[in-house]
Structure formats: structure tokens, C-alpha cells
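Could you fit the two chains together into a complex? Lean on the hints.
In case you want the letters, here they are:
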Amino acid sequence: MKRSGDISILLTDTKFRKILSGWSDLSKEEKANVYREYELTTSDVNILRQLWLGLDFRRFEYSEAIVEDSLNEMIWKLAERKASLTEKSPLRKLYEHFARIAAILIIPIVLYSVYVQFFRMDYAMSEAMPQLVKVSSQPGTISSFVLPDGSHVWLNSGSSISYPNHFYGHTRTVSLTGEAYFDVVKNKKMPMVVSAGDVKLKIYGTIFNVNAFSSEPFVKITLVRGSISLYSSLGKFNGQDEFFIEPGQTVTFNEDSKNLLVQNKDPFFYTAWKDGLLIFKNNSFSMVLKRLSRKFNVDIELEDKCLSAIPLDATFKDENVNEILRLLSFSIPFKYHYQSPRKLPDGTFAKSKIFIEKK
Amino acid sequence: MIQLYEDKDEIAIWQKIKAGDKQCFNQLFRKYYSELYYYGIKIFIDPDFVKECIQEVFIRIWETRERLSDVENVKAYLIVSVRRMILVKKGKAKHKQIVEVGPLENSISFFDINEFEKHEEISDEVRQALLEAINSLTTRQRELIMLFFYHELSYLEISQVMDISIQAVRNLMCRTLIHLRKSIGAKSLKSMNNLFLLLFFRL
Numbered sequence: 028m029k030r031s032g033d034i035s036i037l038l039t040d041t042k043f044r045k046i047l048s049g050w051s052d053l054s055k056e057e058k059a060n061v062y063r064e065y066e067l068t069t070s071d072v073n074i075l076r077q078l079w080l081g082l083d084f085r086r087f088e089y090s091e092a093i094v095e096d097s098l099n100e101m102i103w104k105l106a107e108r109k110a111s112l113t114e115k116s117p118l119r120k121l122y123e124h125f126a127r128i129a130a131i132l133i134i135p136i137v138l139y140s141v142y143v144q145f146f147r148m149d150y151a152m153s154e155a156m157p158q159l160v161k162v163s164s165q166p167g168t169i170s171s172f173v174l175p176d177g178s179h180v181w182l183n184s185g186s187s188i189s190y191p192n193h194f195y196g197h198t199r200t201v202s203l204t205g206e207a208y209f210d211v212v213k214n215k216k217m218p219m220v221v222s223a224g225d226v227k228l229k230i231y232g233t234i235f236n237v238n239a240f241s242s243e244p245f246v247k248i249t250l251v252r253g254s255i256s257l258y259s260s261l262g263k264f265n266g267q268d269e270f271f272i273e274p275g276q277t278v279t280f281n282e283d284s285k286n287l288l289v290q291n292k293d294p295f296f297y298t299a300w301k302d303g304l305l306i307f308k309n310n311s312f313s314m315v316l317k318r319l320s321r322k323f324n325v326d327i328e329l330e331d332k333c334l335s336a337i338p339l340d341a342t343f344k345d346e347n348v349n350e351i352l353r354l355l356s357f358s359i360p361f362k363y364h365y366q367s368p369r370k371l372p373d374g375t376f377a378k379s380k381i382f383i384e385k386k
Numbered sequence: 079m080i081q082l083y084e085d086k087d088e089i090a091i092w093q094k095i096k097a098g099d100k101q102c103f104n105q106l107f108r109k110y111y112s113e114l115y116y117y118g119i120k121i122f123i124d125p126d127f128v129k130e131c132i133q134e135v136f137i138r139i140w141e142t143r144e145r146l147s148d149v150e151n152v153k154a155y156l157i158v159s160v161r162r163m164i165l166v167k168k169g170k171a172k173h174k175q176i177v178e179v180g181p182l183e184n185s186i187s188f189f190d191i192n193e194f195e196k197h198e199e200i201s202d203e204v205r206q207a208l209l210e211a212i213n214s215l216t217t218r219q220r221e222l223i224m225l226f227f228y229h230e231l232s233y234l235e236i237s238q239v240m241d242i243s244i245q246a247v248r249n250l251m252c253r254t255l256i257h258l259r260k261s262i263g264a265k266s267l268k269s270m271n272n273l274f275l276l277l278f279f280r281l
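Just so you know, the sequences run in chain order V and R.
Under the working numbering, the first residue of the first sequence is numbered 28, with each subsequent residue one higher.
Under the working numbering, the first residue of the second sequence is numbered 79, with each subsequent residue one higher.
Next up, chain R with everything else stripped away, as it sits in the complex (with noise of 0.2 Å):
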């Protein structure tokens, strides 16, 4: 119910900002800002490009603010404009330079064991090998992984972001959790034995 409220909170800024408040544009900003730049650095890894591209998203939206169609969802919106402006900017700039930086199509960059929250209940090999998992899936896959589990979007907006279908989208999902819980299921086991076993002597 209070994520319903935000939406509604957010689609009423969107408005605002198409009459032109800037306040509420300079607001938008330093909300998204942190989570766009997030989602940019692992696309392509140069901060100063990434705020560039992000900087250069919302001049456009202010620019064209009378023209600007409303949105579901701000959040997505702001995501995919990033990824689009990035994947461009990338494009134009890539003649420039001398060592290819990667292909056209972004790529997910590897994630590293501090970008994930420490819990008790997990024993450090059981991160280790998710991580690895992780790490080892397709580009697009750790995409969704992110724009699912850390951007909260839903299937729908990941479609858009990723430009395919819904149901590849689940497809996709199906597969990565899949071979995410086999890579963490005999580990898991083991881990919960021990810590059962720790808890046992405690008592």
C-alpha cells in the first residue's frame, strides 16, 4: 500500500515537472541520481561518463518537459533512459577511442561480495559461491538479477528496460534462479548443518 502512495506521489511530481516546477525536477534528481548512477556503473565503468549520461537524461527531460508523455513509473522510466543515452553516447564515442572498451550491446559488469548485504544466517561460502554464480551468468542475466532484486522493478518494466518480451522476461528469471539455487543447494545444506551444530553447542 505505501509503494502504491509513492507511485502516485511520483506521477503527481512527473506533472509538476511538465508545467515546469523546477523543484520538484531538482528533487527528482537527487532521488534518482544514486540509484541511476548504480545501475550505469555497471554497464559501462567510467563515473564521469555515467554522470555525464545521467545529467544529460534529465536536461533532455527538462528540455522537452511540455512534450513529455506520462508515465507508469518514473523509476523504470529514468532506467531505461539512462541505459538508451549510455548505449548511444557509448556508440558515438567508441571511434574515439583507441582500445575497444566492449561490444556495442552493454554488458553487465561483475559484481563484488561487498555489494551485497552481510546476513548472519549465510556463512561466507555460501555468498563465495553465489556470488561465483552469479558472476558466471549471461550479461543479460545479471542485468535482471539487478533491475529485479535492487531496482524492484516489475516483469513488465523489465521488459521495457531490456526491450523484450514479458515472458521471456519470466523465462529468463525461471533459468537464473534456477541455476542460482543449485549452485547455493548443496553448499546451503551444509552451512545450515553447521550453524544447527553451533547453535546445538551454544546450548
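Next up, chain V with everything else stripped away, as it sits in the complex (with noise of 0.2 Å):
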């Protein structure tokens, strides 16, 4: 048999590693007998019998005992996967589904709250930022109401005020135009304040009356109890960030000239109107017209302006434009005729309008 390569390959012959374990039994012709077939000499024989009794690996056995215990362990682990495996039941298996498909959604979730709470606090606050509530008095007419934090506003006719559904931060803000008598609850921690035109009037408790009708280029407030004070955003009176007002002084703010008039005047001349009285005092004809005017929801014309400058003392109660201006016609040269409603292209009605001439 020709040999290709080592003779140590001849070890991985099974015929030839069969020999070599039997060797010393093997009588001299047969080993002879070898040594031609596979063209070894004797030391070539030597060597291949040292290599291979060289590689004899020493059988490595686990006692019975410890293969026994491994294999009662793996028996049991079988059983636990088995028992886990049944656990396992098509609900578990749906319900660990949607598991991580919302362990997966929350993460935007979560995200966007996050950008929602630092990033967009106008959204957020707009939220908790309370209504605007408008009142308006229709002219002619008085309303009295109660703000949230349950101070009492009279309204007079034809003014508004806006104020949020609920106070909140350092003030309680009020905006008003028109004329308004409040009564505000003591609150020295939130003073209320009102700003009417330019000016802004700071209160922590008192009753007073603001006069500040946009068609009129003056505020006019009048304290009847407690303390308030008077600021406004276009500068500084006599030197102060604010003017305090005292009980019974009326202050008029003049917008035009930006002056203060302290008068000190009886406060009622002012805030009856809330109980419906209309009370002139040393008041001219034009500016009693005006209320008048405002009072009744009538369009007044004085068409002789030499009457306008004639002052007058009056007080009414009750009466009708109609009646009053009978009245006043008693101490004043003039005469008044009506023009009946002109029917608009809408359909409504405009207001009906007093002529006043002279006699």
C-alpha cells in the first residue's frame, strides 16, 4: 500500500489503530507482515505506537450520583418552563403586546407634556387665565352687581367694565369707562385697582365713585370712606408715584392738560345717581343736557349755544326727560319740541332726538 505524506497519518486509519492497540500480541510474521504493507521500518512502527498511546485519553466519568443530580435539575427546570410556558396563555401573551406598544406610546406622551409645561406656559397659563367679563349698562339704566370677590358695583347708565371671572396675581384689576360707585371688600394683601382713561386708582378697601366717560376728557372720583390712591402710567403728581385721596374729596383728573382739581364737595353730589337721583349743583346747561341726555337715551340738541354757559341747581327724582325739562323751563328761556323716531334702513329705530331753542 502506497503511502502519501507522514506516516503519522496512518493514525487515522481505523484498520491501522486497530493494530497498533494489539501490537505486542501479535506474532513476529504478522508484524513483519506490516511493516511491508504499509512500507514502515521498526522505529517508524516505534514512534506511531508512542504518538498513539501518547493521545490516549484518560476517559473522563462523572460519578452516578452527580450525573443523577444534574439530571433532576435539568428535570426540573423542564418542569418550571413547562408550568411558565403554560402561564403563558394567549391573554398574558396579547396583554405583553400592548404592553410595550404603550411603553412605546408614552414616550411621546410624556414629551409632549414636558414641552407643553416649559416650553409653552403662555398655552399652559392661558388655561388658568381667568375670563374677561364685560358688563355694560345700557343707557338709561343703572345696573348694580357683585364682583368675585364680592365687592358691590353700581354701573351708571351707558358705562361698562370688564373684570376677570376670578381675581388672580397681586391685584384685582378692573377697567372701566364711564361712571361706576363701588364698595370694595378690604383685601390689603390684593388691592383692587381700577383704571379708568389714564389713570389708575389703587384700593384696598373703601366706597367710592370713578367718572371717567370717554366722551368726557376727564376722571372725576369722589372718596366717600377709606383711603385710595391715584396713579397713572403718564407721569407723576406733585413729585409722587401716587396721589392719595381723602375721604370727601372729589379729584378730577384732566386728560387734556393732564391737572389734578381737589374739590372738596359733599360726596352725595356725586354717587346719588346710584340711589336715582340726578342732582345739579352750579352745573351749566350744556352739561346738564349731556346727562340728561345719557340718562334718558335721547339725543338732546341745543341749537341756541348762548344758553349752554347758564348755570343751575337742580334736584330730580323720578321724573321723566319729558317732565324735567318742563321743570327746567320754568327758571330757563327755552323751548323744546320732539322728532318722532326715524326708522332706519335696518329696521330699527334711532334715537329720538330733543330740539331746545330758545324763546
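Here are the computed lysine-lysine pairs in the DSS-like style, where the Cα-Cα straight-line distance is at most 25 Å:
id: 1; chain 1: R; residue 1: K196; chain 2: R; residue 2: K260
id: 2; chain 1: R; residue 1: K153; chain 2: V; residue 2: K45
id: 3; chain 1: R; residue 1: K167; chain 2: V; residue 2: K109
id: 4; chain 1: R; residue 1: K153; chain 2: V; residue 2: K104
id: 5; chain 1: V; residue 1: K45; chain 2: R; residue 2: K196
id: 6; chain 1: V; residue 1: K227; chain 2: V; residue 2: K292
id: 7; chain 1: V; residue 1: K161; chain 2: V; residue 2: K301
id: 8; chain 1: R; residue 1: K168; chain 2: R; residue 2: K153
id: 9; chain 1: V; residue 1: K229; chain 2: V; residue 2: K301
id: 10; chain 1: V; residue 1: K104; chain 2: R; residue 2: K94
id: 11; chain 1: R; residue 1: K260; chain 2: V; residue 2: K45
id: 12; chain 1: R; residue 1: K96; chain 2: V; residue 2: K104
id: 13; chain 1: V; residue 1: K227; chain 2: V; residue 2: K215
id: 14; chain 1: V; residue 1: K42; chain 2: R; residue 2: K153
id: 15; chain 1: R; residue 1: K100; chain 2: R; residue 2: K129
id: 16; chain 1: R; residue 1: K96; chain 2: V; residue 2: K109
id: 17; chain 1: V; residue 1: K42; chain 2: R; residue 2: K196
id: 18; chain 1: V; residue 1: K104; chain 2: R; residue 2: K168
id: 19; chain 1: R; residue 1: K129; chain 2: V; residue 2: K104
id: 20; chain 1: V; residue 1: K229; chain 2: V; residue 2: K263
id: 21; chain 1: V; residue 1: K120; chain 2: V; residue 2: K104
id: 22; chain 1: V; residue 1: K213; chain 2: V; residue 2: K161
id: 23; chain 1: R; residue 1: K109; chain 2: R; residue 2: K96
id: 24; chain 1: V; residue 1: K285; chain 2: V; residue 2: K263
id: 25; chain 1: V; residue 1: K247; chain 2: V; residue 2: K317
id: 26; chain 1: V; residue 1: K58; chain 2: R; residue 2: K260
id: 27; chain 1: V; residue 1: K104; chain 2: R; residue 2: K100
id: 28; chain 1: V; residue 1: K317; chain 2: V; residue 2: K344
id: 29; chain 1: V; residue 1: K42; chain 2: R; residue 2: K260
id: 30; chain 1: R; residue 1: K100; chain 2: V; residue 2: K109
id: 31; chain 1: V; residue 1: K308; chain 2: V; residue 2: K344
id: 32; chain 1: V; residue 1: K109; chain 2: R; residue 2: K129
id: 33; chain 1: R; residue 1: K109; chain 2: V; residue 2: K104
id: 34; chain 1: R; residue 1: K153; chain 2: R; residue 2: K167
id: 35; chain 1: V; residue 1: K109; chain 2: R; residue 2: K94
id: 36; chain 1: V; residue 1: K104; chain 2: R; residue 2: K167
id: 37; chain 1: V; residue 1: K229; chain 2: V; residue 2: K215
Hints were generated in silico from the structure; no laboratory data involved.
Below, the structure written as C-alpha cells:
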């Protein structure tokens, strides 16, 4: 038999390995046959035998007890696995599936809420921001209502007031056009701020009247009781940020000249309107007509301007505009006539108009 | 012939396991546990880890018994399975270990002199030289030696275990045996002479 390569490869030959393992039992003739057949010298066979015996691994065998222990442990694990597999019912699997989806969905939700919380404060604030409420008193009517903090407000005809539906922050802010009488609930920690035209009033709890019609270039504040201060974004008053008004004082802020006029008049004169009284004291005839026009929701036109400056004192209660004009005509030489209300294109009627002319 | 009969016997056992015979399953475990353990511990020196891997291999066999394919050689199949299981588990466990245990590729640890049978015909000197030669082999060569001489697998089976072609196994075996023969060549002659001298004096 021809051998290619090294003699050591014979070790991989099953038949030759058998010969090697039984070598010592072979007869001289048999050995000679092997030498011939495999073309080997005595030393070749010696080396191969040594190599063969040298690679004779000692069999590693665990004791039966150890194998049994491991087998039992494996059977135990198998049973456990089976139990956990059966535990995982389709429902359980479905739950786990959805739990996984939910876990993924939670991330954008958390990110979004963080975004809203920290970057969209204004958005979040607007949710908490109170709604602005506007109360208007129609011409010819006087409204009386209570602010969210419990303060009482009388709103003269043709006036309006806006305020938040609940007060927040450090002040109770209210803005007014027209005339209103306030009875403010005391709260030193949270003063009320009434903004009327260019001036603002800081009130800690008091009773006062504000007259701030946009049609007239002044704001008139009459303090009945307590203390209020007046301030303006336009500048300081007598070098002070705030001007404190004393009870009984009437302060008139002229929006044209930016001047303050302080008078000590009976406050009743300025606050009587809330009780339905119409009081004139040293008022010009034009001013009287203006107030009548507002109170009774009519346009009054004074055709002869020479009458406008006539001063007069008067007090009316419950009389209608016709009656008042009739009574006034006793002391002032004028006559008046109505113009019946015109029908407007949209079907409504224009205000009735009263013309006043010199007798 | 006996070998052939055993193989047939094993294939029958395999079929019985596929049919759900638990006794045969346990029998297979008992029969190969030690041998698989020896192979495993050579790849990864952690007794508990190797034990778990072998158990896991058997658990998987039992769990998937209905889908098991027929095998030519059960032992080779088990060795391949244990080898894969150890490599996979080692890869998974790798990140848990603070100290890198070794490359993912299995490395066959060095052999000890006590792992070989002691034969009177070879001197300690030759045994030592052979051991040093084996331990100086590459890890794949050491695995090849072990699979061939210890586990007595065929070239085909070794090629499956080591995941290389049969020809590659053949070539590797050739190189390995030449290396080993050369390492003991000179010494063996010397020891043989000594042996002859010893025998001569005795006579």
C-alpha cells in the first residue's frame, strides 16, 4: 500500500489503529506483514505506537450520583419552563404585546407634556387665565352687581366695566369706562386696581365713585370712605408716584391738561345717581343736557349756544325727561320739541331727538 | 461491527425520544453527560456554566422533540449543540462580566498530563514532550485532537462540529500529527533504546 505524506497520518486509519493497539500480541510474522504492507521501518512503528499511546485520553467519567443530580435538576427546570409556558396564555401574550405598545406610546406623551409644561407656559397659563367679563349698563339704566371678590359695583347708564371672572395675581384689576360707584371689600394683600382712562386707582377697601366717560376729557373720583391712591402711567403727581385721595375729596383728572383738581364737595352730589337721583349743583346748562341725554338715552341738541353756560342747581327723582325739561324751562328761557324716531334701513329706530331753542 | 450496532441502537433511542419516551431521554442524558461535560469544560472553564448549557441543550431537545430531525450520530449532534449553546450563552453573558474572559471563538484550554492514560511503554520524558507539543498547538488543532482521539468522531462529524470542510479537517489533521510526531521523534528513539537496554539488563 502506497502511503502519501507523513507516516503519522496512519493514526487516522481505523484498521492501522487496531493493529497498533494489539501490537504486543502480534507474532513476528504478523509484524513483518505490517511493516511490508505499510512500508514502515521498526522505528516508524515505534514512533507511531508512542504517539498513539501518548494520545490515549483518560476517559473522564462523572460518578453516577453527580449525573443523576444534574439530570434531576434538568427535569426540574423543564417542569418549571413548562409551567411558565402554560402560564403565558394567549391573553397574557396579548397583554404583553399591548404593554409593549403602550410603553412605546408613553414616550411621546411624556415628551409632549414636558414640552407644554416648560416651553408653552403661555399656553398652559391661558388655560388657567380667567375669562374677562364685561358688564355694560345700557343708556337709561343703572346696573348693580357683585364682583368675584364680593365687592359691590353700581354702574351708571352708558357705562361698562371689565374684570376677570376670578381675580388672580397680586391685584384685582378692573377697567372702567363711564361712571361707577364702588363698595370694595377689604383685602390689603390684594388691592383692587381700577383703570379709568389714563389713570389708575389703587384701592384697599373703601367706597368711592369714579366718573370716566370716554366722551368727556376728565376722570372724576369721589372718595366716600377709606383711602385710595391715584397713579398714572403718564407721570408723577406733585413728584409722587401715587396721589392719595382723602375721604370727602373729589379729584378731577383733566386728560387734556394732565392736571389734577382737588375739590371738597359733598360726595353725595357725585354718588346720588346710584340711588336714582339726578342732582345738579352749579352745573352749566349744556352739562345738564348731556347728563339727561345719557340718562334717558335721547339725543338733545342745543340749537342756541348762548344758553349753554347758564349755571343751575336742581335735584330730580323719578321724573321723566319730558317732566325735567318742563320744570327746567321755568327757570331758563327755552322751548323744546321732539323729533319722532326715524326708522333706519335695517328696520330699527334711531334715538329720539329733542331740539332746544331759545324762546 | 459492534460500533455499527450501537449506532443503530442510538438511532432507535432518538426515534423513541421524538415519540415522547421520557425514559430514553433520561438514558441519553446519563450516557453523554460526562462526555459533553468534558468537551464543554475544555471550551469554557466554568463548571456551573457548562452544566447549565448541557441541561439547556437537553431541555431544548425535549421541548422541540416533535420537530427534531433524524440524526446520523447522536453524540456528534449533542457535541455540536453544546458547543453552540456555550458560544451563544457566553456571548450573551459577555457584557455582564467585568473582566473579558476571552474571545467569542471558543478556545480549548491546555491539557494536563493526568488527562492521558499512563502507558509503561512511553517514558515520562516523551509524555511530557508530547503534552508540551499538544499545548503549543493552535486552539483549533487542540479541538481537533480532542474530537478525534477522545470523542472518536469521524472527519465528517468533526467538520460539522468545527464548521469547516472535510478537506480542511483532513489537512489540519495532517499538519497536527506531523508536528506531534516530530516533537517526540528524537526522544522516542532515545527512550526506546533505554527501554531495550532495560530489557537487555533484565534478561
